[in-house]
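There are 2 protein chains.
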Amino acid sequence: MLTRMSSLFLRTLREDPADAEVPSHKLLVRAGYVRRVAPGVYSWLPLGLKVLRRIENIVREEMDAMGAQEIQFPALLPREPYEATNRWTEYGPNLFRLKDRKGGDYLLGPTHEELFTLAVKGEYSSYKDYPVILYQIQTKYRDEERPRAGILRGREFLMKDSYSFDLSDEGLSESYARHREAYIKIFGRLGLRYVIVAATSGAMGGSASEEFLAESETGEDTFVRGPGGYAANVEAVTTPAPPAESIEDKPAAVVHHTPDTPTIETLVDFLNAHTDRKFTAADTLKNVLLKTRQPGAEEWELLGVGVPGDREVDMKRLEASLEPAEVALLEDKDFAANPFLVKGYIGPEALQANGVRYLVDPRIVTGTAWVTGADKADHHVVDLVVGRDFTPDGTIEAAEVRAGDPSPDGTGVLEAARGIEIGHIFQLGRKYADAFALDALGPDSKPVRITMGSYGIGVSRLVAAIAEQSHDESGLIWPRSVAPYDVHVVVAGKSAELLEGGEAVAAELEAAGLQVILDDRKASPGVKFADAELIGVPTIVVVGRGLAEGKLEVKDRRTGERSEISREGAAEALAALVRG
Amino acid sequence: MLTRMSSLFLRTLREDPADAEVPSHKLLVRAGYVRRVAPGVYSWLPLGLKVLRRIENIVREEMDAMGAQEIQFPALLPREPYEATNRWTEYGPNLFRLKDRKGGDYLLGPTHEELFTLAVKGEYSSYKDYPVILYQIQTKYRDEERPRAGILRGREFLMKDSYSFDLSDEGLSESYARHREAYIKIFGRLGLRYVIVAATSGAMGGSASEEFLAESETGEDTFVRGPGGYAANVEAVTTPAPPAESIEDKPAAVVHHTPDTPTIETLVDFLNAHTDRKFTAADTLKNVLLKTRQPGAEEWELLGVGVPGDREVDMKRLEASLEPAEVALLEDKDFAANPFLVKGYIGPEALQANGVRYLVDPRIVTGTAWVTGADKADHHVVDLVVGRDFTPDGTIEAAEVRAGDPSPDGTGVLEAARGIEIGHIFQLGRKYADAFALDALGPDSKPVRITMGSYGIGVSRLVAAIAEQSHDESGLIWPRSVAPYDVHVVVAGKSAELLEGGEAVAAELEAAGLQVILDDRKASPGVKFADAELIGVPTIVVVGRGLAEGKLEVKDRRTGERSEISREGAAEALAALVRG
Numbered sequence: 000m001l002t003r004m005s006s007l008f009l010r011t012l013r014e015d016p017a018d019a020e021v022p023s024h025k026l027l028v029r030a031g032y033v034r035r036v037a038p039g040v041y042s043w044l045p046l047g048l049k050v051l052r053r054i055e056n057i058v059r060e061e062m063d064a065m066g067a068q069e070i071q072f073p074a075l076l077p078r079e080p081y082e083a084t085n086r087w088t089e090y091g092p093n094l095f096r097l098k099d100r101k102g103g104d105y106l107l108g109p110t111h112e113e114l115f116t117l118a119v120k121g122e123y124s125s126y127k128d129y130p131v132i133l134y135q136i137q138t139k140y141r142d143e144e145r146p147r148a149g150i151l152r153g154r155e156f157l158m159k160d161s162y163s164f165d166l167s168d169e170g171l172s173e174s175y176a177r178h179r180e181a182y183i184k185i186f187g188r189l190g191l192r193y194v195i196v197a198a199t200s201g202a203m204g205g206s207a208s209e210e211f212l213a214e215s216e217t218g219e220d221t222f223v224r225g226p227g228g229y230a231a232n233v234e235a236v237t238t239p240a241p242p243a244e245s246i247e248d249k250p251a252a253v254v255h256h257t258p259d260t261p262t263i264e265t266l267v268d269f270l271n272a273h274t275d276r277k278f279t280a281a282d283t284l285k286n287v288l289l290k291t292r293q294p295g296a297e298e299w300e301l302l303g304v305g306v307p308g309d310r311e312v313d314m315k316r317l318e319a320s321l322e323p324a325e326v327a328l329l330e331d332k333d334f335a336a337n338p339f340l341v342k343g344y345i346g347p348e349a350l351q352a353n354g355v356r357y358l359v360d361p362r363i364v365t366g367t368a369w370v371t372g373a374d375k376a377d378h379h380v381v382d383l384v385v386g387r388d389f390t391p392d393g394t395i396e397a398a399e400v401r402a403g404d405p406s407p408d409g410t411g412v413l414e415a416a417r418g419i420e421i422g423h424i425f426q427l428g429r430k431y432a433d434a435f436a437l438d439a440l441g442p443d444s445k446p447v448r449i450t451m452g453s454y455g456i457g458v459s460r461l462v463a464a465i466a467e468q469s470h471d472e473s474g475l476i477w478p479r480s481v482a483p484y485d486v487h488v489v490v491a492g493k494s495a496e497l498l499e500g501g502e503a504v505a506a507e508l509e510a511a512g513l514q515v516i517l518d519d520r521k522a523s524p525g526v527k528f529a530d531a532e533l534i535g536v537p538t539i540v541v542v543g544r545g546l547a548e549g550k551l552e553v554k555d556r557r558t559g560e561r562s563e564i565s566r567e568g569a570a571e572a573l574a575a576l577v578r579g
Numbered sequence: 000m001l002t003r004m005s006s007l008f009l010r011t012l013r014e015d016p017a018d019a020e021v022p023s024h025k026l027l028v029r030a031g032y033v034r035r036v037a038p039g040v041y042s043w044l045p046l047g048l049k050v051l052r053r054i055e056n057i058v059r060e061e062m063d064a065m066g067a068q069e070i071q072f073p074a075l076l077p078r079e080p081y082e083a084t085n086r087w088t089e090y091g092p093n094l095f096r097l098k099d100r101k102g103g104d105y106l107l108g109p110t111h112e113e114l115f116t117l118a119v120k121g122e123y124s125s126y127k128d129y130p131v132i133l134y135q136i137q138t139k140y141r142d143e144e145r146p147r148a149g150i151l152r153g154r155e156f157l158m159k160d161s162y163s164f165d166l167s168d169e170g171l172s173e174s175y176a177r178h179r180e181a182y183i184k185i186f187g188r189l190g191l192r193y194v195i196v197a198a199t200s201g202a203m204g205g206s207a208s209e210e211f212l213a214e215s216e217t218g219e220d221t222f223v224r225g226p227g228g229y230a231a232n233v234e235a236v237t238t239p240a241p242p243a244e245s246i247e248d249k250p251a252a253v254v255h256h257t258p259d260t261p262t263i264e265t266l267v268d269f270l271n272a273h274t275d276r277k278f279t280a281a282d283t284l285k286n287v288l289l290k291t292r293q294p295g296a297e298e299w300e301l302l303g304v305g306v307p308g309d310r311e312v313d314m315k316r317l318e319a320s321l322e323p324a325e326v327a328l329l330e331d332k333d334f335a336a337n338p339f340l341v342k343g344y345i346g347p348e349a350l351q352a353n354g355v356r357y358l359v360d361p362r363i364v365t366g367t368a369w370v371t372g373a374d375k376a377d378h379h380v381v382d383l384v385v386g387r388d389f390t391p392d393g394t395i396e397a398a399e400v401r402a403g404d405p406s407p408d409g410t411g412v413l414e415a416a417r418g419i420e421i422g423h424i425f426q427l428g429r430k431y432a433d434a435f436a437l438d439a440l441g442p443d444s445k446p447v448r449i450t451m452g453s454y455g456i457g458v459s460r461l462v463a464a465i466a467e468q469s470h471d472e473s474g475l476i477w478p479r480s481v482a483p484y485d486v487h488v489v490v491a492g493k494s495a496e497l498l499e500g501g502e503a504v505a506a507e508l509e510a511a512g513l514q515v516i517l518d519d520r521k522a523s524p525g526v527k528f529a530d531a532e533l534i535g536v537p538t539i540v541v542v543g544r545g546l547a548e549g550k551l552e553v554k555d556r557r558t559g560e561r562s563e564i565s566r567e568g569a570a571e572a573l574a575a576l577v578r579g
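Quick mapping for you: the protein sequence lines, in order, are chains A and B. The first sequence lines up with residues 0 to 579 when you count with numbering that gives the first Met the number 0. The second sequence lines up with residues 0 to 579 when you count with numbering that gives the first Met the number 0.
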C-alpha cells in the first residue's frame with residue numbers, strides 16, 4: 000500500500016535530541032523512527048516499526064530454515080522457576096519484579112531459560128523426541144542501571160532467543176554450529192560488518208560462548224583481535240602465562256624505606272634514584288583490595304587482586320571473572336575495620352596472614368620477583384619472589400588488555416576495537432536441565448540428562464546497530480534488506496502536473512511489487528530532499544522538471560550518484576535495481 | 000515450509016486439563032496450542048502461535064486498508080501520564096504496578112489512551128495534520144480478579160487498539176463508522192457469528208459505544224435483542240419509563256403491621272390474606288442499601304436503590320451505572336452505625352430523612368403507588384405514592400433485565416443470549432484531549448480541541464472465541480482463514496511406500512502454495528486420525544491403501560464428509576478446494 004507523506008504520522012526534527020550522544024540515536028529520533036517514553040523505553044513510529052518488522056522477518060526466516068520451531072512465552076512470569084535456579088536473586092536490581100493483586104511474586108522476563116526448559120520437560124519424555132530447537136521473538140525487560148543510546152541499550156527490547164535441547168555433547172556442538180551458521184546468514188542479509196569473538200557466558204553459566212559484535216566506534220563492547228584470526232571480547236581474553244622461572248638465583252627480598260612514593264611512578268623514580276638497578280612499572284606488583292558477595296549472601300568477603308603495576312584493573316574483566324558474585328571497591332570504613340590493610344602499601348604478606356583470598360594476574364608466575372607494598376607506611380619490598388616469599392591463592396583475569404599485548408594464539412600482537420553486541424551463542428550445558436531434572440528416557444530405559452544451548456539476537460538493537468554503521472551527515476542510509484521502503488518518490492514542485500506524475504510513477508512502482516513512499520506534501524523541494532536524505536530509503540526518485548521531457552532523476556542515497564532514466568519503463572528499471 | 004509431526008513440538012493430551020471448564024480452553028490445551036504458565040498467563044506453542052499470527056494479520060490488513068497507521072508503544076509505562084488522567088488510581092487492583100531500581104513508579108499498560116494522545120500531541124500541531132487514525136497490535140496486561148477460561152480472559156493478552164483523532168464531532172462519527180465497517184470485515188473474514196450491541200463505555204469515559212460479541216453460550220457477557228434489531232449489552236439496556244400517573248386519585252398511604260414477612264413473597268401472601276386487594280411482587284418496592292466510594296476517596300457514602308420487588312438488583316448493571324465509583328454491599332457494622340436502617344423494612348422516608356442518596360428504577364414514576372418498608376420492624380406501608388409521599392433523587396439502571404421485557408425500541412419483547420466480547424468501538428470525545436490539552440491550531444489561528452475515538456479488538460481472545468464457536472466432540476474445527484495449516488496429510492500406515500507417498504503428496508501441495516502438516520509419525524492410523532480431528536485443520540488428506548490404485552481420501556473436518564480423489568492432479572484439486 001502506497002504511503003503518502005502528506006498523511007504519514009511523521010514529523011522530522013531539525014535538531015538533535017538533547018539526550019542523544021550516538022549517531023543512531025540522534026538520527027532515529029530526528030527521522031521520526033522512535034520516540035522516548037521513559038529512560039530506556041521507546042515507542043516505534045510507523046517508519047521504525049517497518050524496519051523492526053523487516054529485521055524480525057529475516058531473523059524468523061533463517062531460524063525457520065534451520066529447523067527451529069517458533070513458540071512464544073509470556074513476559075509476565077511467576078517467581079518460582081527463577082527461584083529454582085537462584086536467578087530471582089542473582090539477577091539483582093536488573094530484574095523488574097512486581098506483585099499481583101493476591102501478593103504473588105512475578106517478574107518481567109529478562110531471558111527465558113527456565114521457561115524453555117520447563118516447556119520441553121512438559122511435552123517431551125523419550126530420547127526419540129530429541130534433538131529440538133525452539134525459539135521466540137519476544138519483548139524482554141531488564142532494569143539497566145544506565146540505559147543509553149536510545150534503543151541500543153533499552154529496558155524494554157525485542158529479542159530472538161532460542162534454545163537447543165540435545166541428548167549428548169556432540170549434539171549440542173552440532174546445534175551450536177547450526178546457530179552459528181544461521182547467525183552468519185542473518186547478519187549477512189542485514190548488511191552488517193561484524194566480528195565473531197570469544198566471550199564469557201555471563202550470569203547464564205556454561206562453556207563455549209561467542210559473541211557477534213557489529214563493528215562500531217560507539218559500541219559498548221571492546222574486543223581485541225590478532226593477526227592469526229583470534230578475536231575476543233575483552234572480558235574473555237585469557238592472558239598467556241610466561242614460563243615459570245627458577246627461584247634459586249633470585250636475590251633475597253629487601254624492605255626499603257620509600258618516603259613520598261604514593262604512586263607507581265614515584266615509586267619507580269625513587270628506586271631508580273636510590274638503588275643501582277633500573278626498575279619500570281612492570282616490575283611492580285599493585286595490590287587492589289575489593290570485596291565480593293555471593294548472590295543471596297548477606298556478608299561481603301575481602302579479596303586481594305595483584306596485577307603488574309603498569310596495568311590498571313579492568314573492572315568489567317574483574318566482574319566477569321567473579322560472576323555471579325557482586326564486586327565493590329573498599330570504602331574507608333572497610334579499611335578502618337581491617338587495620339592490617341595499610342592503604343598504598345598493601346603486600347601479599349598481610350593479606351595472607353589475615354586470611355584474605357589473594358588472586359593474581361596470570362603473568363605473576365613462580366620465580367618472578369616483584370616490588371610491592373611492605374604492609375607498613377612508606378615502605379616497599381623489592382625482590383619478593385613468587386613461590387619463595389608468597390604463594391597466591393590462584394590467578395584471575397582482571398588486568399586491562401591493551402593493544403600490543405601478545406595474542407593468545409601466538410600469532411602476533413592484539414589490536415583493539417569497539418563493537419555492539421548483536422548476537423550471542425553459547426553452550427549452556429546441563430545447568431538448567433539439572434535445575435529442573437530434564438531427562439529423556441533412553442533406549443535402555445535409563446534417564447539421559449539433556450544438554451542445552453542458548454542463542455540470542457537483539458532484534459530491536461539491530462535497528463540501531465545498522466543505523467550506527469550506515470549513515471552520513473545528512474541522515475540514515477538503510478540497506479535494501481531492511482529499508483522501510485524500496486523507493487522514495489519526491490515530487491519536486493507544487494504543480495498539478497508534477498503531483499499527478501508522482502502519483503502515477505508511485506502507482507507503477509507499486510504495481511511492480513515495490514514498497515513506495517511518495518512525498519506529495521506542499522513543501523519546498525529543499526525540505527523534501529532533506530527529509531528524503533534523513534529518512535534514508537536507498538533509492539530516491541525525483542519527479543521534477545524533466546518529467547515534461549519524459550525523464551526522472553534517480554539518486555542513490557548511499558553514493559549520492561544521480562542519473563536520469565526514461566519515464567517510460569521506469570518501473571521495470573527500478574524494480575531491477577531494487578532486486579539487484 | 001512443510002511441518003512434519005515427527006519433529007513438531009507438539010504432544011496432544013487425551014484428558015481435559017483439570018482447570019478447564021469451557022470447550023475452547025479444554026481443546027486448545029489438549030491439542031497443544033497453548034500451555035498455562037500462571038493464572039491467566041499462557042505460552043503459545045507452534046500451532047497456537049500460527050493461528051494467533053493469522054488472526055493478527057487479518058486484523059492488520061483491514062486496519063491498513065482503512066488507512067490506519069501502525070505504531071507500537073511499550074508495555075512498560077511511567078506513572079505520570081496515567082496520574083494526569085487519574086487512571087493510575089481509578090484502575091484499582093486491575094493495574095499491574097511496579098517500581099524500577101531508582102524507585103520510579105511504572106505500570107504495565109492495560110490500555111494506551113494516554114500514550115496515543117501524547118504521541119499525537121508530540122508530532123502534530125496544525126489542523127492540516129488531522130484527521131489521523133493510529134493503531135498498535137500489542138501485548139497488554141490486566142490483573143484480573145478472576146482470570147478464566149484459558150486465553151479467553153487472561154492477564155497478559157494481545158490486543159489491537161486504535162485511536163482516531165478528529166477536529167470535529169462529525170469527523171469522529173466518520174472515524175467511528177469506518178472502524179465499524181472494518182470490524183465487520185475482520186470478523187466476517189474470521190468466520191465468526193457475532194452481534195453488535197449497544198454498550199456502556201466502562202472506565203474510559205465517552206459517549207457512543209458498541210460491542211462486538213461473538214455468540215457463545217459460555218460467554219461472560221449477557222446481551223438482549225429485540226425483534227426490530229435492537230441489541231444491547233445487558234449493562235447498556237435502558238429501561239423504558241412508563242407514563243407518569245395522576246396522584247389525585249390514589250388512596251392515602253397506610254402502615255400495616257406485617258409480622259413474619261421477611262421476604263417479598265411472604266409479604267405479598269400476607270397482604271393478599273389480610274386485605275381485600277390483590278397484590279403481586281411487582282407492586283412492592285424493594286430498597287437495597289449499598290455504599291459507594293469515588294476513586295481516590297477515603298470515605299464510603301451510603302446509597303439506597305429502589306427496584307420493583309419482582310426483580311433482583313443486577314450488580315454488573317449497578318456497577319456500570321455508578322462507574323468509576325466502587326460499590327459494595329453494606330456489612331453488619333454499617334447497619335450498626337446507622338440505626339435508622341431497619342434491615343428488611345427500609346423505606347424511602349428514613350433514607351431521605353437521614354440524607355442518604357436514593358435512586359430508583361425508571362419504572363418507579365410519579366403517581367405510581369408502592370408497598371414498601373415502613374422503617375420499623377414488622378411493618379410495611381401500602382400505597383406510598385411517588386411525587387406525593389416521596390421523591391427519589393433520580394433514577395438508576397440497576398434492576399435485572401429479563402427475557403420478555405419490552406424492547407426499548409418498542410418493537411416487541413427482548414430475548415437474552417450470551418456472548419464473548421471480541422471488539423469494542425466508542426467515541427471517547429475530549430476526555431483525554433482535555434487532560435493533555437491536545438489542540439490543533441485552526442485555520443483562524445485559534446486552538447481547536449481534538450476529539451477522539453477508541454477501538455479495541457482482543458486478538459488473542461479471538462483464538463478462543465473462534466474455538467468456542469467452531470468445534471465438536473472430537474476437537475477443533477478451524478475456519479480456513481485462520482487454520483494453522485491448509486491441509487493435514489495423514490500417512491495411514493507404516494510402510495515405506497505410504498511414507499514416500501505422503502511425502503510426495505505433501506511436497507506437491509506445498510508447491511501448489513498450500514500450508515501443509517504431514518503426519519509422518521510411526522503411530523497407528525487410529526492415533527493419527529484422532530490427532531487430526533483434535534488439531535482441526537479443515538481438510539484432511541489420507542494417504543492409505545488407495546494409494547496403490549492412485550487414490551487419496553479427502554475428509555472435510557467440519558462436515559465429516561469423505562470423498563476419494565485421484566492421486567494425479569490432487570494438488571490442483573485441493574488448492575482449488577482450499578481457495579474456495
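Hints in this document: simulated from the structure, not taken from any laboratory. These figures come from a predicted structure and were not determined experimentally. Incorrect hints may appear among the rest.
The list treats identical chains as interchangeable, and a pair is accepted whether it falls inside one copy or across any two copies.
In the DSS-like style, the derived pairs of lysine-lysine whose C-alpha atoms are separated by at most 30 Å in a straight line are [said to hold, decoys possible]:
hint, residue 1, residue 2
1, 49, 184
2, 98, 375
3, 342, 49
4, 332, 375
5, 101, 332
Structure-based check of all given hints:
no., hint, verdict
1, 49 / 184, "both (21 Å within a copy, 24 Å between copies)"
2, 98 / 375, "neither (53 Å within a copy, 48 Å between copies)"
3, 342 / 49, "neither (57 Å within a copy, 64 Å between copies)"
4, 332 / 375, "within (19 Å within a copy, 75 Å between copies)"
5, 101 / 332, "between (42 Å within a copy, 25 Å between copies)"
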